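Visitor: Use the sequences and the hints to build the structure in full.
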Amino acid sequence: MQRDRLLYPCYFDRALPRSEGRRVPRTMAVEHPALKDIEKAAKKLGLSCRVEEASHPRHWKAKEGRVAVAWEGPKEDLIRRVAATLSPGA
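So for the sequence shown, the working numbering puts the first residue at 242; every next one is plus one.
Simulated from the structure, these hints should not be mistaken for laboratory data. Accuracy of the hints is not assured; some may be wrong.
Listed below are the simulated BS3-like cross-link pairs for lysine-lysine, each with C-alpha atoms no more than 25 Å apart in a straight line [unchecked claim]: (1) Lys302 <-> Lys284; (2) Lys285 <-> Lys302; (3) Lys284 <-> Lys304; (4) Lys316 <-> Lys284; (5) Lys304 <-> Lys281.
These numbers come from a predicted model, not from an experiment.
Guide: See the structure below:
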């Protein structure tokens, strides 16, 4: 059974250090990732997803939103695949 995995824009933000939520190497990260870009990357991978209004626990004041993706497997694999699709030249 697939489980929803939550992806926040801060996971892919090149400007943030890992201590503030970035989950990918800077080489795979992008400047100011947008929800629609993350959603588009997930759909490009053939994944079912939806955008939700929410904030990352570390950035609770910023209502940046999140993308819920139906995914079976390690969340880190999902994050890296989406990051590879988001990265320039992907």
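Visitor: Determine for every hint whether it applies to the structure shown.
Guide: Tested hints:
1. For the proposed pair Lys302 and Lys284, the alpha carbon gap of about 28 Å is over 25 Å, so the pair is violated.
2. Taking the CA atoms of Lys285 and Lys302, the gap is near 30 Å; set against the 25 Å cutoff, the hint is violated.
3. Among the hinted pairs, Lys284 with Lys304 is consistent with the structure: their alpha-carbon atoms are about 23 Å apart, no more than 25 Å.
4. For a cut-off of 25 Å, the pair hint linking Lys316 to Lys284 stands: about 16 Å separates their Cα positions.
5. Only pairs whose Cα atoms come within 25 Å are accepted, and Lys304 paired with Lys281 is accepted, the gap being roughly 20 Å.
Checked against the numbered hints listed earlier, the structure breaks hints 1 and 2; every other hint is satisfied.
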